[in-house]
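Undergrad: Put chain L on the given structure of chain C with help from the hints.
Keeping their order, the protein sequence lines are chains C and L.
Under our numbering, the first sequence has 111 at position 111, and the numbering climbs by one with no breaks.
Under our numbering, the second sequence has 34 at position 34, and the numbering climbs by one with no breaks.
Mixed in with the good hints there might be a few duds.
Distance condition first, Cα-Cα at most 25 Å in a straight line; then the derived SDA-like pairs of lysine to any residue [to be verified]: (1) C/Lys8 x L/Asp121; (2) L/Lys99 x C/Pro239; (3) L/Lys135 x C/Leu83; (4) L/Lys83 x L/Gly68; (5) L/Lys141 x C/Ala96; (6) L/Lys221 x L/Arg254; (7) C/Lys187 x C/Ser336; (8) C/Lys8 x L/Glu151; (9) L/Lys135 x L/Asp85; (10) L/Lys83 x C/Pro239; (11) C/Lys8 x L/Ala173; (12) L/Lys141 x C/Phe206; (13) C/Lys187 x C/Ile167; (14) L/Lys99 x L/Asp121; (15) L/Lys83 x C/Lys307; (16) C/Lys8 x L/His174; (17) C/Lys307 x C/Ser336; (18) C/Lys8 x L/Arg147; (19) C/Lys8 x L/Phe145; (20) L/Lys99 x C/Gln227.
Here are some chain L residues the structure puts well away from chain C; computed CB gaps all over 12 Å [said to hold, decoys possible]: (21) Thr31; (22) Phe42; (23) Leu45; (24) Gly58; (25) Gly93; (26) Thr97; (27) Arg111; (28) Pro131; (29) Glu157; (30) Val165; (31) Ser179; (32) Glu187; (33) Glu225; (34) Asn267; (35) Lys271.
If you only want the chain C side, here are some residues facing chain L, beta carbon under 8 Å, derived [what the hints assert, rightly or not]: (36) Asn130; (37) Lys187; (38) Ser214.
By construction, these hints were calculated from the structure, which means they are not laboratory data.
Note that the structure is a prediction, hence the values are computed from the model and not measured.
Where is the CB? At the ideal position from N, CA and C, for every residue including glycine.
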Amino acid sequence: MQNNSPMKDWLLLFGFAAVVLCLPIILEPIGANYPDLLQKFAIFGIFAIGFNILFGLTGYLSFGHAAFIGVGSYVTLWSFKLLTMNIVPAVIFAVAMAGLFAYLIGFISLRRSGIYFSILTLAFAQMSYNLAYSVLTPITNGETGLQVRSIRDSAETSLRDGDIRIIDQALGIQEVGVPITNLFGMKMSGYPGFYFCAILLIICFFIAQCITRSNFGMMLKAIKSNQNRLNYTGIHTRPYLITAFVISGMYAGLAGSLMAVTDPIAGAERMQWTASGEVVLMTILGGVGTLVGPVLGAGLIKYSEQKVSSWNEGIITDFLSFLPEPVQDFFVGVASLFVGDGWHLTLGLMFMVIVIFLPGGLMEGFRRIGGLFSRGSKAPAASETAPQPAE
Amino acid sequence: MSIAEMTMTEDTRTEDVKTEDRGFAPGVANTVLHISDVHKSFAGLHALSDVDLEVREGETHAIIGPNGAGKSTLLNVCVGRLKPDRGAVVFDGEILTGKSPHEINQLGVARVFQTPEVFPDLSVLENVMVPALSKRDGSFKLNPFRRFGAERAIREEAESVLESVGLQAQLTAHASSMSRGDKRRLELAMGLIQHPRLLLLDEPTAGMARHDTNATIDLLKKIKEGGMTKVIIEHDMHVVFSLADRISVLAGGRIIAQGTPDEVKNNPKVKEAYLGEEQV
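Next up, chain C with everything else stripped away, as it sits in the complex (with noise of 0.2 Å):
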């Protein structure tokens, strides 16, 4: 814990910058230089951080960050519809009503701790899901999701199916077919939508890693550590985890808002209980209270999600192809159910792998992996030095 000097922390910055912006390079040999998927790693990526900010620094574990996705996504599709296609007033507004949101559920889920946190905060988000779908539909367009509009012709047309962007209005815009959100008017889809994310990602990531090594982070892990001897150290537990809720919830309403940036459309499911699950498992598979673990769990699960839920029968059959017939056939038919629609299989799989051999997840393989090599050299101290799993 003593080696984050500011040297270090400025190398592992850079790194990640260069590792995040040549993604499109780096990814090409595993099939994954795609925009769409290239701005999944991106966007999840930013989720997981934040998350990682409550859950890795404070050992809170919320069930319910999906809510301020949904939130941040339909925020982002009421300011292109109201405002401007320009994507940076929507921005703004989601992560800030994003954060307003997260201090509402945070002041009063934070009144407890431990598994009754988690469960207020999936009540919260399951509330929340269930409002966007069903009573809140003149906001959220309920089922249908909502979405971006060409200008409505009349006053009568609802806002739902026809926009009025007062803004782009103003300023004279014209728009053909149905309008494409930019930045300045830098087309944000595609390459220039991924950079948009990866350098928010970066940022994100900065952010993170200063509040980390930060007396604020130290409170927050000493939170982890022991929060009953905390109060008695004249710290008032209270109003480090709101903020810590309200940052994290902050990161995951960007997210949402960058969602609904590179495809403007913003439905309820995005608020479900399994988003918030997702979340959780990025976290724990790469490593929990790590800076880069999160990021790397994100772009896993969201790889395979993408990948292996693209395999079939087909592909696996001429992957076995060197086996005799019957053995090849066995071993499809088992392989094929982790595939396609299986891949979940596969998810819980890795898993289950990961939390059982690698309680610190990807980054403490890795860490071993490193200790391995420079054992001949030091004594086994670097295995050792592992976080702690989580609870």
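TA: For chain L alone, coordinates are given in the frame of chain C:
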């Protein structure tokens, strides 16, 4: 003022309340901690009844008594862990009863626990720097861009406090890997770095070897020269008689004797209740 009213009505010894109100009375030591008429019962069991206790500025006040006498309960009432059924605890003109633990700490009351309570996942140095930051920055400060450990003054102070308790060789060790005795010393350092006006120690030497006990006694004597007021709960009579200026004896939830070590030693009630078994 409500505090004055409260102590006036609930306390019989009005003289002391007056000295407290005036702030300082020449010739008489200032009362720093005033426990008046505190009652606490758990499901019908009277853990504390009619407890009156004054701790004077700069003194080391030991609270002794047989097991189950209510010593730890009394300490918990002082730091806000337990709320008394009746009575009040007043520290330097502030009523502590009903305040939360962090508020009480911010007023200058630090506590060292009976079973060592440290931050197991943090390093020894970090364990001591956290209370130092709490002392300087208050109960909440949002400073996410100020690097932890970059401020030399706090770091150096933490190192020197750790040196005074003899942990200078283990600055980077994880607190979870320490022995119980070392954890106790670490916790003492965590209390000392806050320069509290009142330090409450719950059996600071329990579980320590004789050699370590003596080192702790020396350390606590050194702090005494610095003028810090201390309340010690202790089983070890060697520790009590080496350190205490005054002793209160608690038995069955009541204070049965109070005075200087010699007075207490010769008090027949105390001998009967407690010291007889201990063979001093």
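Undergrad: Does the structure keep L/Lys83 and C/Lys307 at a Cα separation of 25 Å or less?
TA: 59 Å, violated
Undergrad: Taking the closest pair, is the beta carbon of L/Leu45 still more than 12 Å from chain C?
TA: Given that every Cβ of chain C is farther than 12 Å from that of L/Leu45, nearest at about 24 Å, it holds.
Undergrad: With 12 Å as the threshold, tell me whether L/Gly58 passes as away from chain C on beta-carbon distances.
TA: 22 Å, holds
Undergrad: What's the verdict on L/Lys99 and C/Pro239, does the C-alpha distance respect the 25 Å limit or exceed it?
TA: 17 Å, holds
Undergrad: Would the hint linking L/Lys99 and L/Asp121 be met if the CA-CA limit is 25 Å?
TA: Cα-Cα ~28 Å, so violated.
Undergrad: Take a quick look at L/Thr31 and tell me if its Cβ sits farther than 12 Å from every Cβ on chain C, holds or violated.
TA: 23 Å, holds
Undergrad: Find the nearest Cβ of chain C to the Cβ of L/Phe42 and say whether that gap is larger than 12 Å.
TA: 20 Å, holds
Undergrad: Taking 25 Å as the top limit, are the C-alpha atoms of C/Lys8 and L/Phe145 close enough?
TA: Holds, at roughly 17 Å.
Undergrad: For a C-alpha distance cap of 25 Å, please report whether L/Lys135 and C/Leu83 respect it.
TA: 48 Å, violated
Undergrad: Given the hint that L/Lys221 pairs with L/Arg254, test it: the Cα-Cα distance must not exceed 25 Å.
TA: 28 Å, violated
Undergrad: Hinted pair, alpha-carbon criterion (25 Å max): L/Lys83, C/Pro239. Please report holds or violated.
TA: 23 Å, holds
Undergrad: Against the 25 Å threshold, does the CA-CA distance of C/Lys187 and C/Ile167 hold or violate the hint?
TA: 17 Å, holds
In terms of the numbered hints stated before, the structure departs from hints 3, 6, 7, 9, 14, 15, 27, 28, 32, 36 and 37, listed from lowest to highest.
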